Amino acid sequence: MNFDFSDDQKFLRDEARKFLEAQCTTAHVREVLDDDSKSHNEGVWKQIVEMGWLGAAIPEEYGGLGLGMLELCVIAEELGRALAPVPFGSSAYFFAEALKIAGSEDQKSQLLPKVADGSLIGCIAVSEGPGEIKAGNIATRLKDGSITGKKIPVTDGDIATHAIVLVKDGSGESLVIVDLNQNGVSREPVKTLEPTRSHATISFDGASAELLGEAGNGMALLDQINDRAAVLIAFEQLGGASRCLEMANAYAKERVAFGRAIGGNQAIKHKLADMYVKNEVARSNAYYGAWALSSDAAELPEAAAAARVAASEAYWFASKENIQTHGGMGFTWEVDCHLFYRRAKLLAVQAGSPAVWKEKLVSALEAKND
Amino acid sequence: MDFNDTAEEAEFRAEANAFLSQHLKPKTPGALRSGGREDFLERAKAWQKTKAEGGFAQITWPKEMGGRGGTVMQQVIWGQEEAKFDAPTGPFAIGLGMCVPTVIAFGSDEHKKRYVQKALMGEEIWCQLFSEPAAGSDVAGLKTKAVKDGDEWVINGQKVWTSGAHYSDYGILLVRTDPNVPKHKGLTMFIVDMKQKGVDVRPIHQASGGKEFNEVYFTDVRIPDSDRLGEPGMGWKVALVTLMNERLAVGGSPGPDWKEIMDYARSAGTLSDQAFRAKLADWYVAAQGYKLTKFRTQTALSRGETPGPENAIGKIINANHLQDICNSAIEMQDHFGLIVDKDEAPSDAIFQESFMWAPGLRIAGGTDEILKNIIAERVLGLPQDVRVDKDKTFAEMN
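Sequences listed follow chains A and B, in order. For the first sequence, our numbering begins at -4 and goes up steadily by one. For the second sequence, our numbering begins at 37 and goes up steadily by one.
A couple of the hints might just be wrong.
In silico DSS-like cross-links for lysine-lysine, where the CA-CA straight-line distance does not exceed 30 Å [to be verified]: (1) B/Lys295 with A/Lys129; (2) B/Lys63 with B/Lys327; (3) A/Lys363 with B/Lys63; (4) A/Lys129 with B/Lys315; (5) A/Lys5 with B/Lys330; (6) B/Lys315 with A/Lys340; (7) B/Lys315 with A/Lys248; (8) B/Lys120 with A/Lys363; (9) A/Lys315 with B/Lys315; (10) B/Lys295 with A/Lys248; (11) A/Lys340 with B/Lys327.
In case anyone wonders, no lab produced these hints; they're calculated from the structure. Since this is a predicted model, take the numbers as computed values, not measurements.
Go ahead and model the full structure; you've got the sequences and the hints to work with.
Listed below in structure tokens is the structure:
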């Protein structure tokens, strides 16, 4: 039994945490929050690129560090703790992982080295309107290698250089890779709940696109991509939820009301204990997801779903009760509580909402027990 | 990150499994609780003897105490394997898990010689007498008193919620020997012969209908001073050792889980209900979270580390979810769900039976509220609750 990260992985985590605590403070996050013209923190992004984190799970033959998925999970948790205002997830969890599982040799050797060295920023563009992404609901069309339609919102869509886009074609739904710097692509920033991660509307009007994987296999591929991204996002969520508990805990010990620290009152103690329980449930499920992801286990779909459901619940609960614990202070712009509350919501809906994942989980359990 | 045993662990697991297969039947699905039957105690005693003779009883105890001298990890593996079989272990859990280790830690050589082997061989059963009517979560507030009379102590008072007192031979008894000091300082621990004069065991008829717990009345019960465990006034320290051992005892929550209600919903045709499916996902995630948290604990144990407080989440999750799952299953059966007749009710009425058992589980071994306090105070380092009796003598407060 070795249900834990290795010493090397823990060393990576410690180093990542040290770096982010020094170089990616909430002041850095707020530079993006307070300035509509900024889509990300360029200084933080540049350093992350230089450290090679984007290529952590990309094989060396494609310009990556060739470490592995567990290392990427470790990095994800730290990025989540720091609320890193960078397009890391879009590029590393979605774009690179999609190429790794479905890309042709040509696509991989062309594009993965650029993801790893930061010269390409990838994103995924699937949403077109409210509700779950479903086959048959996709209006964006692919015809003779060019696409027409509109995707909204696309996380990091304003700064990405390339997108993976879900389209409808003659054979059903397919995924395509689109170079966003071409005629026939226009982008508009979209205001969202979470301004420290930028979002855009991307309109395609006859832009050229290249198939990723087989035509007609888009929904199945998207499921696989989401399973992988879900585990990585669960680690970001876990990092954020842990920070919320730490913040609430520190404040509950320091804030005095009615002559004693508020953390001495059971109403606060039990609230924080509930956060702890949810965070531990999320951590254990995330570890299982990490194991399934790193070992290409058949259990990945249910492990990913459980990790995502647990992490979404933990982060939601921790981020809202962190504000509550801080009282009136917690509701101010100056105190950082709302940054986590915003990020919690982005991460909970970005790769499908908790309701969608609960359904995926139960379907997987049904299939297994039939 | 993997879930495989090391070579030594795998070898021990295989050895344990072979021994279990030789002596027991595998647990059948649905047979969730086998207690209460007439022959249960005899079967339990026989299994304890077999286990002790085979060298699998009390794996972490030293060999000179009749144990195996094994590791905590081996104890965990044994617990996992034993749980796969129809093993009647209940009557010995408290004695061997909590009481006898306390005797080993604080008893004299005479005590160890007299009691340990017999308990290990299943010949004598022990119970733990801590709780009282006025001292539930606040154990140290107990009132049963002991007064020194020559070489003996005279005990008067009442204990409550004593599991298995009705079939126990001996107990460890926490009493107040000095009311004129703060409550934690005036306690003393004794070994008590449960069959002696003045000990009156009265089963409690529980809300679930069962009678697993008891009230125990002490009227002028005399205990020789030589059966004292630890110095007079040191009883709280001795009790903490007992309670620490409780945490090492391996145990799960008996009753239906997400799988059972999913199977039932499938058979009842309600598995397609969206609201139900969302709840099912939550139950699975929580159960999986607890199971995997135990894997993290095992990892720490297998490295020779002391596990962190992660396992504290188990009781809060399990008891609540058991209650919730049973409630949902009953409501799913609509009016019919009221029926407790095993021949009529779906799934042998396990949902109905556990529905009535679950409230007790949320209280036994520390209420949800006390466990949340423990997490808040010992894990998160938050201030302790207000304790107005902290610096006052017990007599002043009562």
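Here is how each hint holds up against the structure:
{"no.": "1", "hint": "B/Lys295 with A/Lys129", "in the structure": "holds (28 Å)"}
{"no.": "2", "hint": "B/Lys63 with B/Lys327", "in the structure": "holds (19 Å)"}
{"no.": "3", "hint": "A/Lys363 with B/Lys63", "in the structure": "holds (22 Å)"}
{"no.": "4", "hint": "A/Lys129 with B/Lys315", "in the structure": "holds (23 Å)"}
{"no.": "5", "hint": "A/Lys5 with B/Lys330", "in the structure": "holds (20 Å)"}
{"no.": "6", "hint": "B/Lys315 with A/Lys340", "in the structure": "holds (21 Å)"}
{"no.": "7", "hint": "B/Lys315 with A/Lys248", "in the structure": "violated (35 Å)"}
{"no.": "8", "hint": "B/Lys120 with A/Lys363", "in the structure": "holds (21 Å)"}
{"no.": "9", "hint": "A/Lys315 with B/Lys315", "in the structure": "holds (21 Å)"}
{"no.": "10", "hint": "B/Lys295 with A/Lys248", "in the structure": "violated (41 Å)"}
{"no.": "11", "hint": "A/Lys340 with B/Lys327", "in the structure": "holds (27 Å)"}
Consistency with the previously given hints fails for numbers 7, 10, ordered from lowest to highest.
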